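With the sequences and hints as input, model every part of the structure.
Take the first sequence: its letter number 133 is residue 133 in this note's numbering, and every next letter is one higher.
These are calculated hints, taken from the structure and not from any lab test.
Remember, predicted model here, so these are calculated numbers, not experimental data.
One or more of the hints may lead you astray.
[To be verified] The calculated lysine to any residue pairs, modelled on SDA-like cross-linking and capped at a C-alpha distance of 25 angstroms, are:
1. LYS316 to ASN290
2. LYS308 to GLU574
3. LYS388 to GLY377
4. LYS461 to MET434
5. LYS302 to TYR612
6. LYS468 to VAL453
7. LYS9 to PHE266
8. LYS302 to SER565
9. LYS492 to ALA356
10. LYS478 to TYR505
11. LYS241 to LEU276
12. LYS305 to ILE270
13. LYS131 to ASP418
14. LYS305 to LEU318
15. LYS237 to ASP190
16. LYS134 to GLU176
17. LYS237 to GLU202
18. LYS308 to VAL622
19. LYS297 to LEU318
20. LYS178 to LEU120
21. LYS447 to ARG415
22. LYS461 to VAL108
23. LYS277 to SER265
24. LYS181 to ASP389
25. LYS268 to ASN149
26. LYS484 to GLN449
27. LYS457 to ALA385
28. LYS131 to TYR144
29. LYS493 to GLN483
30. LYS468 to ARG504
31. LYS237 to VAL274
32. LYS178 to LEU156
33. LYS297 to LEU614
34. LYS198 to THR107
35. LYS468 to GLU503
36. LYS468 to ARG491
37. LYS169 to VAL419
38. LYS435 to PRO414
39. LYS178 to ALA123
40. LYS267 to GLN20
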Amino acid sequence: MNNGLRLNKNQQIAAEYKDQHILVLAGAGTGKTLTIIARAEYLIRKGVDPRRILLLTFTRRAAREMTDRLYSGIGDAANVVTAGTFHHFCLLTMRRMADKFGIKDFTVIDRDDQNSLMRLARAGYVTKGEKFPKASQLVNIFSYSRNTNMGVLEYLNKYTEFDDETCNKILAVFTEYKQRKQLNRYLDFDDILHHFGKKLHEDSSIRNRLRSRYDHILVDETQDTNPLQWVILDGMKDPAKLFCVGDDAQSIYAFRGADFRNVHSFKKRIPDSVVLKLEDNYRSTQEILNISNWLLKESPLKYNKNLKTQRGTGTKPLLVDFDSDLYEAKWIAEDLIERHETGSLWSDHMILTRTAWGSRSVEAMLIEKNIPYIFIGGISFLQAAHVKDLLCLVRAAASNHDELAWIRYLTLWPRIGDVTASRLISAMKEMGNMKEALDQLSNKLKKDQQKIVNGPKTILKYWNEPTKALRVGGEFLKPILSQKYDKWDLRKKDFDLLVRLAERYRSLMRFIETYTLDPITSTVASRLENQDVVTLITVHSAKGTESPVCYVIRVEPGMYPHIRSLGAEDEEEEERRILYVAITRAKNELILTRSEGPSSYSYSYGDAAEAYFLSDVPDKLVEERWQYEMYLEKDDDFLT
DNA sequence: AAGCTCTGCTTTTTT
DNA sequence: AGCAGAGCTT
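This is how it looks when you write it as structure tokens:
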């Protein structure tokens, strides 16, 4: 073949298949990304206009990787391929056709903001001390029902045991939430997909225009598409052809409405489609695949996966037991240092964790031992409180309708709490433009509070210079934030980072929007400075990545399956796939670690132990080792 | 009456 | 680290 990529037979067949709807079922490490890239290259070489190719992924990181690889294959043509996440693509398209979609001047809000808004909506319906789901749980319910195209009531009846009265109240709160969203001109994540999908199906002029724009739609990680995203694919296809790649055994986003069975119904949904398979693994040694295969075979479900390597054999996976998670962390850090001293790169090592929280002792130890690392997943940079303070100041300056941003900004100041803030905002909302709104605010404030108005005013002065606006805004907030946060010295350098991130943007709002959709973690940002680092990552974020040496930490009862999933069959099964994803990231060495020390999960240890996936892993698949250090100082100081 | 501060509790995964 | 509630201060 002359396409520059080294493909095996089946990969090539898939990449060069004739124009048809295609599903490629590809196991872990079988070259999914390679094949999807090869398909794009093949189409372009064959003469398809690259502008008529749409590449959809689930994370911006994946989209980025795809365009980078495409660029190194075919050069500039790669830059005109539309590539992005579902949310990104939909939002961008709606922004371009803002009038048609009717979303002019809308602000995109993240999960945090959704929770805040839900809290406001909830407040009017719940009396103090009453038992009623928390705002975050309500957001989850609402979001899930929308992502699965299910009515709220249907969801409540099917998955919860609330009584009728509570259900009605939930519905009322949701109505209130929707009204507030409308009033504030907010779009939440689900609105982006929902609104797009709705218009796509209901408005024929929009549908025709969008459908005629692309000939080929390539979809990565198809097993994670939820019904709402499917509605979008369904509306966009024909004449455009779908090229979907996925693996049912790696479906780990059920909580977002994805159903791993959806790859099985592909042929039913699209009768004139073909299903191709990739089965040869190029990533891992056979020992790593053996335990992966074993894990799936233990399941009551038939995944029918039996990965075979093309790489030969290596070392057996290691399963190390510790008597405490502190010692587990210490051992990993020391192991890393030893490997580094004997010539390995830090960046050849990945530490996988089920929960962001569960990795904190390891993270503390990496810091303690001066091991450079990045953390991916968990709390992101732009959700850090002080960063959000600054971003909300910018948002406040942008719109006198952005209630959440204004509340946040105003309550930063002394003697202003949510009650006063709400009063001030409702007055400002009446005004036709920002200038009037600011005058109004100025009128309502006492003499010694007048400087509050200066914040948005300064931002507006530099509106067309994002970096300058952020720098000036940061300076403005400095006195008040340094009082609010203890470790201000540590936090303030994030503002420099923010300024640097904004450099590439001409519009402040576009900058904020981009990073609302796919926030960057502070440690990822600092990688700009240091490339050779250990990666500490949640399993969910690690999908699609690989590393020569992988530590999967805290592989203990209560973690796999996670204790919160116990009792729900589907959820427990998803936990198995999460562990499967984790261990199939490893190329050469897989090290599973666990501790039996006192853990916060011990309270229902019985059930957790019963469901535990590795309770009887055969001896021939792993080398088990005990590392007990009973006399390790009981000194928790380094954690603080 | 509104805002502030302290304390205890919980902590799955993410666009 | 963030949130909710209790009790205290302005």
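Okay, the hints, checked on the actual structure:
no., hint, in the structure
1, LYS316 to ASN290, "holds (9 angstroms)"
2, LYS308 to GLU574, "holds (23 angstroms)"
3, LYS388 to GLY377, "holds (18 angstroms)"
4, LYS461 to MET434, "holds (13 angstroms)"
5, LYS302 to TYR612, "holds (19 angstroms)"
6, LYS468 to VAL453, "holds (19 angstroms)"
7, LYS9 to PHE266, "holds (23 angstroms)"
8, LYS302 to SER565, "holds (20 angstroms)"
9, LYS492 to ALA356, "holds (24 angstroms)"
10, LYS478 to TYR505, "holds (24 angstroms)"
11, LYS241 to LEU276, "holds (15 angstroms)"
12, LYS305 to ILE270, "holds (24 angstroms)"
13, LYS131 to ASP418, "holds (23 angstroms)"
14, LYS305 to LEU318, "holds (23 angstroms)"
15, LYS237 to ASP190, "holds (21 angstroms)"
16, LYS134 to GLU176, "holds (15 angstroms)"
17, LYS237 to GLU202, "holds (15 angstroms)"
18, LYS308 to VAL622, "holds (18 angstroms)"
19, LYS297 to LEU318, "holds (20 angstroms)"
20, LYS178 to LEU120, "holds (12 angstroms)"
21, LYS447 to ARG415, "holds (13 angstroms)"
22, LYS461 to VAL108, "holds (23 angstroms)"
23, LYS277 to SER265, "holds (15 angstroms)"
24, LYS181 to ASP389, "holds (21 angstroms)"
25, LYS268 to ASN149, "holds (19 angstroms)"
26, LYS484 to GLN449, "holds (17 angstroms)"
27, LYS457 to ALA385, "holds (22 angstroms)"
28, LYS131 to TYR144, "holds (22 angstroms)"
29, LYS493 to GLN483, "holds (16 angstroms)"
30, LYS468 to ARG504, "holds (13 angstroms)"
31, LYS237 to VAL274, "holds (15 angstroms)"
32, LYS178 to LEU156, "holds (18 angstroms)"
33, LYS297 to LEU614, "holds (13 angstroms)"
34, LYS198 to THR107, "holds (19 angstroms)"
35, LYS468 to GLU503, "holds (9 angstroms)"
36, LYS468 to ARG491, "holds (19 angstroms)"
37, LYS169 to VAL419, "holds (24 angstroms)"
38, LYS435 to PRO414, "holds (24 angstroms)"
39, LYS178 to ALA123, "holds (14 angstroms)"
40, LYS267 to GLN20, "holds (12 angstroms)"
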